[in-house]
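J.: Sequence:
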Amino acid sequence: MTTLIARRFVRDSTDYRSVVELDDAALVDDELTFAVACAFRSRPNGDWIERAVQGTLNADLEAIDVSLDGRLIARVPLALPLPDSQDFHGNDVDLAHADGAVDEHLDVSAVEEFIGHIPTDPIVGCLVKGAVSTTIGQTIRCWHRTKPRAPVSARSHVRSVGACLAEYGIRMALTFVYRAGRCVAFGGAR
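Here the sequence shown is numbered in the numbering used here, starting from 1 and rising by one per residue.
Quick caveat, the hints were computed from the structure, so don't treat them as lab data.
All C-beta atoms, glycine included, are put in the ideal place defined by N, C-alpha and C.
Be careful, since some hints might not be right.
As the list claims (entries may be wrong) - Pairwise CB distance ranges, derived in the manner of DEER restraints: (1) 12 x 159: 42 to 48 Å; (2) 147 x 44: 47 to 53 Å; (3) 52 x 145: 26 to 32 Å; (4) 148 x 12: 45 to 51 Å; (5) 24 x 65: 15 to 21 Å; (6) 145 x 42: 29 to 35 Å; (7) 48 x 77: 30 to 36 Å; (8) 14 x 144: 35 to 41 Å; (9) 77 x 186: 41 to 47 Å; (10) 6 x 71: 32 to 38 Å; (11) 24 x 182: 29 to 35 Å.
With the hints as extra help, turn the sequences into a complete structure.
T.: If you want it as structure tokens, here you go:
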């Protein structure tokens, strides 16, 4: 597994952590799968309560399938137009452009469904929402950026998307921090 995003912080008397990992073994089989795991616990030694969401690039349908507990809750098309954005301190972070585009295509009910399944802590919902939308957004950008000029099968294109995701880890981490922080600041409304 390649870790794309790993963040941990403390707020009041609660520890929070978020991890987004890319399944390297699946890439060998021309499949792209990522896992978003966000958790919290009471300090200092409470048990971690975790929520995990999985994303899979469905190359044949040119979409990203988002699953919760093994159940498909959303399908986001790779054709979604996400412009590359203004440079943010040299890291090309998309703070101003298309911030809500992925959430809109996830479908509000799907986003609310997986946030609603997160036990007791709304901050974890914001972490999941920020990590999922950031990872999907960068996957879509990588899909378009690495698309070969000559016609090839969609499946053979998947490995280059995985390499692109690994390359843009810093951008993803900064975008995630911005989106999750904004969600927390606005009480989950953004």
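J.: What hints, given by number in increasing order, does this structure fail?
T.: 6, 9 and 10
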